[in-house]
Amino acid sequence: MNRTFGRGVLQYASTIIIFMIIMLSSSAYAMSGREVYEKVHEVRTKSLDHKLEATMVLFDKGGGKRTRTLVSYSKKGNAESYKALVVFKTPPDLKDVGFLVHARTFSDRDLWAYFPEFKRIRRIATNSQDDSFFGTDFSYDDFAGPSALDDYSFRILKEDAVDGKPCYVVEVTPKIHRKYTRYVAWVARDLWIHLKIEYYIDKELYRTGTFREVKVISGVPTAFKAEMENKETNHRTEMKLEDVQYNTRHSDDLFTQRALERAGK
Amino acid sequence: MDFINLLSHISLKHIRFQKARMFMAVCGICLGVAAMVSIDIVNRSVLKSFEDSINHVTGRAALQVTGADSGFPEQMLDKVRNVPGVEYALPVIETNANLAGGKERSFMILGVDSLQDHQIRNYSLTDKSADIPDPLLFLAKKDSILLTREMAVREGIKIDQEIQVQTVQGIKKFTVRGLLDPEGPAKASGGDIAIMDIYAAQPAFGKEGRIDRIDLSFLPGETLNTMKDRIQSALPEGYYVDTPAGRSRQVEILLTRFRKVIGLIGFMAIFVGMYLIYNAVSISVVQRRKEIGILRALGATRVQIITLFIGEALAVSALASFLGIGLGIVFAKLTVGVVAQSVTDMYLKTSVRELTFSWDFLIKDVGIGIIASFAAAAFPAFAGARITPVSAIRAVPYSEDGFLLNRKTRIASAFFILLSILIFTAYKTAGPSSAFRSSAATFSSMIFLVLGVSLSTPAFLRLFMAGFHRFFSPRMGAGVRLAGLNLQKNISRNAVAVSAVFYSIAMFVSSSSMIYSLNRSFLDYIEAVERCDILVSSGHPLAMGGAPSIPMPEEMWKDIEKVPGVLSADPFRKTFLNYDGRRLFLGAIDIVRSMEYNQYILTAGNRKDIRRLLPHQDNIMVNEGFAARYRIKPGDFLVLPTPNGPIRFGVTAVVVSYVSDSGSIWMDINTYQRHWRDHLADNFAVRVKPNESIPTVREAILDRFGKERKIFALPSREFKGIVRDMLGRSFTLTNAVNIITLIIAGLGIIITLLASVLERTREIGVLRSIGMKRGQVSGVVIIESALLGAAGGVLGSATGVLIGWINLEGFFRLDLGASVQYHIHFVSIGWSLLLSIVFSALAGLYPARRAAKTNIVEALAYE
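Chains as they are written, first to last, in the numbering used here: chain A, 1101 to 1365; chain B, 4 to 866.
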């Protein structure tokens, strides 16, 4: 009986100690996880008015390599609304394949795709946001703008450095259903963008991303080189930005289904 | 002495000394159970392959919306999506295709919305279950196709390789963009499946703007029935909302007749087993009556004697039944491929890759074997118990104790035969909706007839022998007369052997006559409605009924008519529609041109009306089975579901048609195209100009179209040959059971004659001592055997003719219509009589040898 009682006391004490450590460590940072992400969100929202050109290289597990170039346009609307259009330029097989986003809020958006050979605009299921973005290791969500912060909880795990840049390592857990159960992001302390990200399904790491060559363009920190790797399929995608413009103030006509059919022309 | 003691001291000793006989009895029961097990396995494996295919392709869909098989407008998708509570509604195209190279393997094409389909089905373009190097390319290109890894390995196909596939548009090149692991839909159709984006599949398979099915899931909190009702009310008539299990049920309905026939064969197998056990126990009683007498004299009660014989039968049948399971699995492996092919030819494409076992049905089959053994053993066991000790010890001939010749047996025989006649008369006179108008009624009639005739075997044998002595015996030698007298001396015992022969011959003659009648009716029908010179089809040489064809553009008839020597080419289109829960066949033809050379057999209505009322008009012909089921006659109206909503059609005539068990409807192809908006054809009936050579024109057609599509151009005779082969295949199981039945009958005769020889050891000794030669003795035994075979053959042939008629009524005329005429197959009767005599004579060889070897001194001392 004494032994059982003793073990109970020990367990209770350990719980208290662990709880205290967590509390202390959280309060040890100048910011909370949520505050870090408010900053990230701010930068992302700023980047919503843009035109960028990029090259993507897809590496399969057998060492095969497929290259494609694309152009992305985006326009910020009122409150949380925004529109985005992505059009592939090369290879010839994929020329003018397009992808259109109409977001009413950060958590409520419509996605469409256009395939010229079919001459048909097709809707992409909203809950496909974590699916592969047209076969790359990026997801639709990676291209679809910021998410609603209230749909997630944030916890700073530690401070770290990536390529010499100090970072907050934040654990982000979705409150809504997502393919992943959590991700851990290395957020640059002065730039408020991701430098590294790891997606987990339960304890299993399934996707990792790194963001390099960060430059500040029109006041918006931008990683010119990104790499995403799918640990399940051993497939990875490199994306390199060629040209980036912010505050572009595109016309609304660029974000219609008709424009999608015309590849943004 | 308790039961176990009796078994161990008496039965085991008996089994040890009668190894050959026990071996044969075990073989017989084992064959009977094996037949049942194999039929069960084959039946379940075929159904399971359908179920699995449906389930794999269905994924997590809770409900499915189907319409006409030719497809329905994709706008219907929005109607379903707008129904409150619907979570996902995803379009599906399911069609057939053939590889244009290699073994030209047929496979299923599943066209899905690749961007959304993973919401319902378990596969993804990017996860571990597939190897798809560039999913975007798969989505962006119309020539993209995904194959299962199994199919790719088998056909030697690699990723990014171009393959040629036979489609509605002809041979088209597709690029294999990835391989699917055997998960989810990739497991359907035995792995013979390819996945395409629905919008690429639509044009390739002639379904522009149309889909075959909508698979849907609904939001949490909604109930199945509410959603079903809600969706059904949002759709026009003719659309069918059901669960995937419901779709399996539809397949089951489609296969009802197939299953009924399989069930009948299974029953025949049980009956054969029962006969054998009855035979074995009867002979055992006959042979051991002296032993029974001694046991009774020593104080054994009747109950103990009954228990002994039944216990023996149960022990032997249990052993044999378990052996039968193993043999049944072997039989199933041997026959499942043929049965699956037959189902593919006639109903739906199926591919049985593995046998389906289930302990419950194996236990059931063993149970039936044991229970049947009990029932079969009970009768002779009771008879054995009635033997008085005195008569048994004095070796009074068994016939004098015979229970089979008494009045009660004769009354029972007459009662069963009368009951059979009454049930059959009720069936024939009952209205279409009456309970008597069913396969169950004809089945009962058949059972009672078999029972009644079985019980009449001794009486029949007595009559047969009387006739033999009167008309044949005087003209024959002493050996024949002696053989006849021997048989007459022990009618009851010999009746058992006659019963075995009777039953197998009855089954043989009945199934031969039934198969012959069906073949004749089907071929007469084909002869009447396919009077063209060449039949051009694609995907499957028949392209009729449920055969998985690949349609061609209907406009192709114009190009065919340009081929030198072609007089005309008329398109035929088939589809299926949901009507009253059944999958109704709809055939569309150019009625005016078709009637110029085809002779539609009408059972109501007239040709003039067909010519006047069908072309381009909303009028139809229905087949007689459908007309009888729904009491439809010319002048009535029928509302049929079309992709454009329900349309009222006038019935002009009732025709003979055997293309579907569920019923068939025929209309002018122009009317069909107007309502179904489907401009495809499953085959073209080509007529050749007078004085032109059919083979030359056929070659010209193949030359003209062979490069752009893989077609079959079958001259009429070849086409009919394929139909004949297909019909032949469909009766493979029946023939297999017939052969088993004949083998078992042979075993029965050997057992009976062996017993007879042993019983007459002293008598044979006497004959040998007064100068009869060994050859003469064996000759007598062989003649006895041949006579038994002849008696069984005559009775079996007569009964078989009746059973064939009853079965044709219940299993075919009921579904296909009254025009399926019953034809007695006299050739098979001739063969049966010859076989029964020769087979029985052969079966008598071994007992004859035993008899001839009898040692005179020992035989005279035998008592």
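The hints are simulated quantities; they were obtained by calculation from the structure and are not laboratory data. Built from N, CA and C at the ideal position, the CB exists for glycine as well. Just so you know, not all the hints are guaranteed correct.
One-sided and incomplete, this derived list gives chain B residues near chain A with beta-carbon spacing under 10 Å [unchecked claim]: (1) ILE135; (2) PRO138; (3) LEU139; (4) PHE141; (5) ALA203; (6) GLU599; (7) GLY608; (8) ASN609; (9) ASP612.
Taking CB as the label site, the calculated pair distances span [unchecked claim]: (10) B:PHE360 x A:THR1167: 19 to 25 Å; (11) A:GLU1313 x B:ASP232: 42 to 48 Å; (12) B:ILE650 x A:ASP1251: 48 to 54 Å; (13) B:PRO87 x A:ASP1210: 36 to 42 Å; (14) B:LEU222 x A:GLU1313: 44 to 50 Å; (15) B:GLY212 x A:ASP1210: 22 to 28 Å; (16) A:HIS1277 x B:GLY709: 53 to 59 Å; (17) B:LYS561 x A:ARG1204: 52 to 58 Å.
Quick list of in silico lysine-lysine cross-link-like pairs, DSS-like style, CA-CA up to 25 Å [claimed, not checked]: (18) A:LYS1296 x A:LYS1139; (19) A:LYS1219 x A:LYS1146; (20) A:LYS1365 x B:LYS145; (21) B:LYS692 x B:LYS565; (22) A:LYS1219 x B:LYS176; (23) B:LYS561 x B:LYS336; (24) A:LYS1139 x A:LYS1165; (25) A:LYS1161 x B:LYS636; (26) B:LYS144 x A:LYS1189; (27) B:LYS710 x A:LYS1165; (28) A:LYS1365 x B:LYS144; (29) B:LYS492 x A:LYS1219; (30) A:LYS1275 x A:LYS1258; (31) B:LYS723 x B:LYS692; (32) A:LYS1139 x A:LYS1219; (33) A:LYS1139 x A:LYS1258; (34) B:LYS161 x B:LYS492; (35) B:LYS611 x B:LYS636; (36) B:LYS411 x B:LYS431; (37) A:LYS1219 x B:LYS144; (38) B:LYS145 x A:LYS1189; (39) A:LYS1325 x A:LYS1315; (40) A:LYS1165 x A:LYS1146.
Hints, verified against the model:
Of the supplied interface hints, the one on ILE135 of chain B holds, with its beta-carbon coming within about 8 Å of a beta-carbon of chain A, less than 10 Å. The beta carbon of PRO138 of chain B is positioned within 10 Å of a beta carbon in chain A (closest approach about 4 Å), and the interface hint is therefore held. The beta carbon of LEU139 of chain B is positioned within 10 Å of a beta carbon in chain A (closest approach about 4 Å), and the interface hint is therefore held. Against a cut-off of 10 Å between C-beta atoms, the interface hint on PHE141 of chain B holds, since the closest Cβ of chain A lies about 8 Å away.
A cut of 10 Å between beta carbons decides the hint on ALA203 of chain B: the least distance to chain A is about 7 Å, and the hint holds. The closest approach between the C-beta of GLU599 of chain B and any C-beta of chain A is roughly 44 Å, which is over the 10 Å cut-off, so the hint fails. A cut of 10 Å between beta carbons decides the hint on GLY608 of chain B: the least distance to chain A is about 47 Å, and the hint is violated. With its C-beta approaching chain A no nearer than about 51 Å, ASN609 of chain B sits outside the 10 Å limit, and its interface hint is violated.
A least Cβ separation of about 47 Å between ASP612 of chain B and chain A goes past the 10 Å threshold, and the interface hint is therefore violated. Remark: the range hint 19 to 25 Å for PHE360 of chain B to THR1167 of chain A is contradicted by a beta-carbon distance near 53 Å. For the pair GLU1313 of chain A and ASP232 of chain B, the beta carbons lie near 59 Å from each other, so the given range of 42 to 48 Å is not met. The supplied range of 48 to 54 Å is met by ILE650 of chain B and ASP1251 of chain A, whose beta-carbon atoms lie about 51 Å from each other.
Range check, PRO87 of chain B to ASP1210 of chain A: Cβ separation about 20 Å, and the 36 to 42 Å hint is violated. Take LEU222 of chain B and GLU1313 of chain A: their Cβ atoms lie about 45 Å apart, and the range 44 to 50 Å holds. A hinted range of 22 to 28 Å for the beta carbons of GLY212 of chain B and ASP1210 of chain A is consistent with their spacing of about 24 Å. The given range of 53 to 59 Å is respected by HIS1277 of chain A and GLY709 of chain B, whose C-beta atoms sit roughly 54 Å from each other.
Range check, LYS561 of chain B to ARG1204 of chain A: about 54 Å between beta-carbon atoms, so the 52 to 58 Å window is met. Annotation: proposed proximity of LYS1296 of chain A to LYS1139 of chain A holds, straight-line Cα distance about 16 Å (limit 25 Å). For the proposed pair LYS1219 of chain A and LYS1146 of chain A, the alpha carbon gap of about 34 Å is over 25 Å, so the pair is violated. The hinted pair formed by LYS1365 of chain A and LYS145 of chain B meets the criterion: a straight-line CA distance of about 24 Å does not exceed 25 Å.
Restraint check for LYS692 of chain B and LYS565 of chain B: satisfied, since their Cα atoms lie roughly 12 Å apart, inside the 25 Å limit. Taking the CA atoms of LYS1219 of chain A and LYS176 of chain B, the gap is about 20 Å. The hint holds against a cut of 25 Å. For a cut-off of 25 Å, the pair hint linking LYS561 of chain B to LYS336 of chain B is broken: about 47 Å separates their Cα positions. Proposed proximity of LYS1139 of chain A and LYS1165 of chain A is contradicted: the alpha carbons are some 36 Å apart, above 25 Å.
A distance of roughly 68 Å separates the Cα atoms of LYS1161 of chain A and LYS636 of chain B; the hinted pair therefore is violated under the 25 Å criterion. A distance of roughly 15 Å separates the Cα atoms of LYS144 of chain B and LYS1189 of chain A; the hinted pair therefore holds under the 25 Å criterion. Annotation: proposed proximity of LYS710 of chain B to LYS1165 of chain A is violated, straight-line Cα distance about 36 Å (limit 25 Å). Straight-line distance between C-alpha atoms of LYS1365 of chain A and LYS144 of chain B comes to about 22 Å, which keeps the hinted pair within the 25 Å bound.
For the suggested pair LYS492 of chain B and LYS1219 of chain A, the alpha carbons sit about 92 Å apart, so the restraint of at most 25 Å is broken. Between LYS1275 of chain A and LYS1258 of chain A, the direct Cα distance comes to roughly 22 Å. Compliance with the 25 Å bound is thereby established for this hinted pair. With a CA separation close to 21 Å, the supplied pair LYS723 of chain B and LYS692 of chain B stays within the 25 Å bound. Between LYS1139 of chain A and LYS1219 of chain A the alpha-carbon distance is near 41 Å, which puts this suggested pair outside the 25 Å criterion.
About 17 Å separates the Cα atoms of LYS1139 of chain A and LYS1258 of chain A, which keeps this hinted pair within 25 Å; it holds. For the hint pairing LYS161 of chain B with LYS492 of chain B, the CA-to-CA distance comes to about 78 Å; that exceeds 25 Å, so the pair is violated. In summary, the hint linking LYS611 of chain B to LYS636 of chain B is supported, as the alpha carbons are separated by about 16 Å, within the 25 Å threshold. Among the hinted pairs, LYS411 of chain B with LYS431 of chain B is inconsistent with the structure: their alpha-carbon atoms are about 30 Å apart, more than 25 Å.
Between the alpha carbons of LYS1219 of chain A and LYS144 of chain B the distance comes to roughly 11 Å, so the proposed pair stays at or under 25 Å and holds. Our distance criterion of 25 Å between C-alpha atoms is met by LYS145 of chain B and LYS1189 of chain A, whose separation comes to about 19 Å. Restraint check: the Cα-Cα separation between LYS1325 of chain A and LYS1315 of chain A comes to about 10 Å, which is no more than 25 Å; the hinted pair holds. Our distance criterion of 25 Å between C-alpha atoms is broken by LYS1165 of chain A and LYS1146 of chain A, whose separation comes to about 33 Å.
Checked against the numbered hints above, the structure violates hints 6, 7, 8, 9, 10, 11, 13, 19, 23, 24, 25, 27, 29, 32, 34, 36 and 40; every other hint is satisfied.
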